[in-house]
Amino acid sequence: MRRLDVPSHRRLPRPGAIGGRAIHGCRRRPTALGFRRSRAAATLLAPMRLSQILISTLREEPADAEIPSHKLLARAGLIVKTAAGVYTYSPLMWRVVKKFAQIVREELDREGANEVMLPIIQPKELWVSSGRWERYVTDGIMFTLKDRKGSEMCLGPTHEEVMTSFVSAQVNSYKQMPVNCYQIQDKFRDEIRPRFGLMRGREFVMMDAYSFDADEAGLDVAYQKMRAAYCRIFERCGLEYTVVQADSGAIGGAGSEEFMVIADSGEDAILFCRSSGYAANVEKATSKLPDAPAGGEPEAMQKIATPDVKTVAQLEQFFPGWVSGRMAKTVLYHVTWKNKEKVVAVMMRGDLEINEVKLTNALDALKVRLATEDEIKKATGADVGFAGPVGLSEEVPLLADESLRERTNLLTGCNETGFHCLNVNLGRDCRMPSFKDLRTARAGEGCPVSGEPLEEARGIEVGHIFKLGTKYSKAMSATFMDQSGKPTPFVMGCYGIGVSRTPASAVEQNHDMKGIVWPPAIAPFECVVAMLDPKRDEQQALAEQLYGELKDAGVDVCLDDRPMSPGAKFKDNELIGFPVQVFVGRKAAEGQVEFLVRKGMQKDECAAGDVKARVLAALGR
RNA sequence: CGGGGCGUGGCUCAGCUUGGUAGAGCGUUGCGUUCGGGACGCAAAGGUCGGAGGUUCAAAUCCUCUCGCCCCGACCA
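Going by our numbering, 346 is the number at position 269 of the first sequence; the sequence numbering is gapless.
I should point out that these hints are in silico values taken from the structure, not numbers from a laboratory.
Be aware that one or more of the hints could be misleading.
With a straight-line cut-off of 27 Å between C-alpha atoms, the simulated BS3-like cross-links for lysine-lysine are [stated by the list, open to error]:
no. : residue 1 : residue 2
1   : Lys-415   : Lys-444
2   : Lys-648   : Lys-676
3   : Lys-664   : Lys-676
4   : Lys-223   : Lys-201
5   : Lys-302   : Lys-387
6   : Lys-455   : Lys-380
7   : Lys-223   : Lys-444
8   : Lys-444   : Lys-201
9   : Lys-380   : Lys-454
10  : Lys-563   : Lys-612
11  : Lys-551   : Lys-444
12  : Lys-612   : Lys-551
13  : Lys-419   : Lys-444
14  : Lys-680   : Lys-648
15  : Lys-444   : Lys-454
16  : Lys-648   : Lys-148
17  : Lys-513   : Lys-444
18  : Lys-551   : Lys-415
19  : Lys-158   : Lys-648
20  : Lys-648   : Lys-689
21  : Lys-689   : Lys-612
22  : Lys-158   : Lys-664
23  : Lys-454   : Lys-591
24  : Lys-417   : Lys-387
25  : Lys-380   : Lys-365
26  : Lys-676   : Lys-689
27  : Lys-201   : Lys-648
28  : Lys-563   : Lys-551
29  : Lys-387   : Lys-513
DEER-style ranges, computed between Cβ atoms [to be verified]:
no. : residue 1 : residue 2 : range
30  : Glu-529   : Lys-689   : 44 to 52 Å
31  : Met-194   : Lys-689   : 34 to 42 Å
32  : Cys-308   : Gly-697   : 12 to 20 Å
33  : Asp-297   : Phe-220   : 31 to 39 Å
34  : Gly-217   : Asp-263   : 48 to 56 Å
35  : Glu-529   : Pro-370   : 21 to 29 Å
36  : Cys-308   : Val-214   : 51 to 59 Å
37  : Ser-133   : Glu-418   : 48 to 56 Å
38  : Thr-134   : Ala-684   : 24 to 32 Å
39  : Glu-312   : Arg-270   : 26 to 34 Å
40  : Glu-312   : Arg-663   : 18 to 26 Å
Given the structure is predicted, the values throughout are model-derived calculations rather than measurements.
Backbone N, C-alpha and C fix where the C-beta goes; we use that ideal spot for every residue, glycine too.
Model the full structure from these sequences, guided by the hints.
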């Protein structure tokens, strides 16, 4: 397959080696004046002139953008919205995406992964065979369609099924493993609420990889290789990121970790500990259970009239001395499974919060949501605010968080409007609930490893790696022959990187008042050489000479020959954010130019002869 | 899904309450003057006011429906 890589200067043959013009000349625009004038051999390969690249910056920010990356990408003309959550990538932005994709390719290929291309349109049967059609349709996150014959299809939101069926057909023996295949292409998810530009779109570019091994040990190796590759990828992009333990969500499977780019606008909250290195998504995080006053020896249960007292805060007021830590709140959830729906009662210590992701997992449900007022009345026989374990109908399953295990003399509701119970003891005054970890960990609570207080940060999920195990291979009967000649399900891993989201998160992390500050590795160009007045011959000549020198030195450079006033040109390049910017202006005749490192905006004059060395130094070469 | 808001030249918006044949800034085009921080002057192009229906002598403006976009929320009892 043809590689979609960008900076081609390293790959194209040198002009001298191939006689230059005849081969490349046919592709060049006839207006490439620089060709004839240039003294630099590299410009034989047609200079990258910004005047020939579609660039359209906006002076004002678009009304619908909220976060810096969305505003700046739109203002710089890098993305243009086509529909809600659907974007067109401009030429410069596409260079960015391709550069990032190329970094991903290089690091994955280094670990022996194979690039393939899977179909976007997938048949329903494939999804039924893994049992996921139901869940994805229930969650409403999958675009589905019918062909003219009425067969149902979907636009791939992810590709476990296709890849599993593909590899299963190709690999019959343990001798053919390990296998790891990946692709980089568009994914489709009908997001409830697309937002933040490229951050949460309905169509987006993603790299997804799938590993196939004969056993768990093989999976561990594959997983660690991918983890290492991911670290190299995000490091090469110069991103500040962290790896956190994560919930495996709709994909399913055992262990999983997320790669988070730290940014205030991140949609995920993460908890971490500096001393132990523990880090987890709040959906998954645990902590040391905060202390609460002991209940003491069990006492007789009392029912007390509590008119209009419905919340924990109100109860604390109503019962002086009964702090929230001695209460157990009972929350009713409407739970959806594959074949049934039910209202479930969930108990939590009064000062703590329920984590719905953990709840969903504990119940092995498709979905949970808080019960409506009507559902609560029907399930408990009481108004909202008085639910409790005491006298709860046997119809309603009862779960409790671990924080309530062995707790005595609790304050709870008792399913009677206007009443609460004191000194409730689980198992004595009501059924014994089944205990699970259902608690949301919070910043300030003790790290589960070190006990030090957890800190909180926001993160943008740019990568996710899973150990799937045999979940899909078993469901889809994808097997190989093991050493003893027995059909055995593949042990799988799956790995994703947000290829369009990562550059957006790079902008989120690297910008200032003037615009974007691209990390060099994924900048549309590493360097721009701008002539402030393209009509002046000495400026044009010097700019093209510098362009040629930089190109020959392996710099991904472009030539800004656009006819704009100097002020506008400064502003425009700052907004677009090329990492190194060289301005050839009024001192061109004296061999002086201006040199700008975009990050930090350090700007000074520089002799033309020093430009190459300074650019290379600024780029860290 | 629930609630709210907004759709008027390419972009950002005014006009709508109190109906009377559509405006500004930026951008674009031409000419001239400029030429180091989004220059200036003059001239010009560009909008069936999201769409459909209704009320009216007359609708961007009032009413109904519809489509699109944005934001908030989804109740911890």
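Structure-based check of all given hints:
Of the supplied pair hints, the one linking Lys-415 and Lys-444 holds, its CA atoms being roughly 9 Å apart against a limit of 27 Å. Of the pairs offered as hints, the one joining Lys-648 and Lys-676 holds, with about 15 Å between alpha carbons and a cut-off of 27 Å not exceeded. Proposed proximity of Lys-664 and Lys-676 is supported: the alpha carbons are some 24 Å apart, at most 27 Å. For the proposed pair Lys-223 and Lys-201, the alpha carbon gap of about 10 Å is at most 27 Å, so the pair holds.
For the given pair, Lys-302 sits about 53 Å from Lys-387 by alpha-carbon distance, which is inconsistent with the 27 Å threshold. Of the supplied pair hints, the one linking Lys-455 and Lys-380 holds, its CA atoms being roughly 22 Å apart against a limit of 27 Å. For a cut-off of 27 Å, the pair hint linking Lys-223 to Lys-444 stands: about 26 Å separates their Cα positions. Taken as a hint, the Lys-444 and Lys-201 pair is honoured in the structure, with Cα atoms around 21 Å apart against an allowance of 27 Å.
For the hint linking Lys-380 to Lys-454, the alpha-carbon distance of about 20 Å falls within 27 Å, and the restraint holds. Between the alpha carbons of Lys-563 and Lys-612 the distance comes to roughly 76 Å, so the proposed pair goes past 27 Å and is violated. Of the pairs offered as hints, the one joining Lys-551 and Lys-444 holds, with about 23 Å between alpha carbons and a cut-off of 27 Å not exceeded. This hinted pair does not check out: Lys-612 and Lys-551 have alpha carbons roughly 69 Å apart, beyond 27 Å.
Pair hint Lys-419 plus Lys-444 holds up; C-alpha atoms about 11 Å apart against a cutoff of 27 Å. A threshold of 27 Å between alpha carbons decides the hint, and for Lys-680 with Lys-648 the separation of about 14 Å falls inside it, so the pair holds. Only pairs whose Cα atoms come within 27 Å are accepted, and Lys-444 paired with Lys-454 is accepted, the gap being roughly 21 Å. A hinted pair counts as satisfied when its Cα atoms are at most 27 Å apart, and Lys-648 with Lys-148 qualifies at roughly 16 Å.
At roughly 17 Å between alpha-carbon atoms, Lys-513 and Lys-444 fall within 27 Å of each other, so this suggested pair holds. Using a Cα cut-off of 27 Å, the hinted pair Lys-551 and Lys-415 holds, with the two alpha carbons roughly 18 Å apart. Between Lys-158 and Lys-648 the alpha-carbon distance is near 23 Å, which keeps this suggested pair within the 27 Å criterion. The straight-line distance between the Cα atoms of Lys-648 and Lys-689 is roughly 23 Å, inside the 27 Å bound, and the hint therefore holds.
For the given pair, Lys-689 sits about 24 Å from Lys-612 by alpha-carbon distance, which is consistent with the 27 Å threshold. With a CA separation close to 41 Å, the supplied pair Lys-158 and Lys-664 exceeds the 27 Å bound. Distance hint between Lys-454 and Lys-591 is unfulfilled; the C-alpha atoms sit about 57 Å from each other, more than 27 Å. Taking the CA atoms of Lys-417 and Lys-387, the gap is near 30 Å; set against the 27 Å cutoff, the hint is violated.
For the given pair, Lys-380 sits about 33 Å from Lys-365 by alpha-carbon distance, which is inconsistent with the 27 Å threshold. Simply put, Lys-676 and Lys-689 have alpha-carbon atoms about 18 Å apart, close enough for the 27 Å limit, and the pair holds. For the suggested pair Lys-201 and Lys-648, the alpha carbons sit about 51 Å apart, so the restraint of at most 27 Å is broken. Distance check on the hinted pair: Lys-563 and Lys-551 sit about 14 Å apart at the alpha-carbon level, within 27 Å; holds.
At roughly 25 Å between alpha-carbon atoms, Lys-387 and Lys-513 fall within 27 Å of each other, so this suggested pair holds. The hinted window of 44 to 52 Å between Glu-529 and Lys-689 holds, with their beta carbons roughly 50 Å apart. Judged by the Cβ atoms, the range 34 to 42 Å given for Met-194 and Lys-689 holds: they are separated by roughly 40 Å. Checking the proposed 12 to 20 Å range against Cys-308 and Gly-697 shows it holds: the Cβ atoms sit about 19 Å from each other.
A hinted range of 31 to 39 Å for the beta carbons of Asp-297 and Phe-220 is consistent with their spacing of about 35 Å. Between Gly-217 and Asp-263, the C-beta spacing of about 20 Å breaks the proposed range 48 to 56 Å. At about 24 Å, the beta-carbon gap between Glu-529 and Pro-370 stays in the expected band of 21 to 29 Å. Cys-308 and Val-214 have their C-beta atoms about 36 Å apart, which leaves the hinted 51 to 59 Å range violated.
A hinted range of 48 to 56 Å holds for the C-beta pair Ser-133 and Glu-418, which are about 51 Å apart. Evaluation of the 24 to 32 Å hint for Thr-134 and Ala-684 yields a pass: the beta carbon distance comes to about 31 Å. Hint check: Glu-312 to Arg-270, Cβ distance near 32 Å, so the stated range 26 to 34 Å holds. Look at Glu-312 against Arg-663: about 41 Å separates their beta carbons, and that is not inside 18 to 26 Å.
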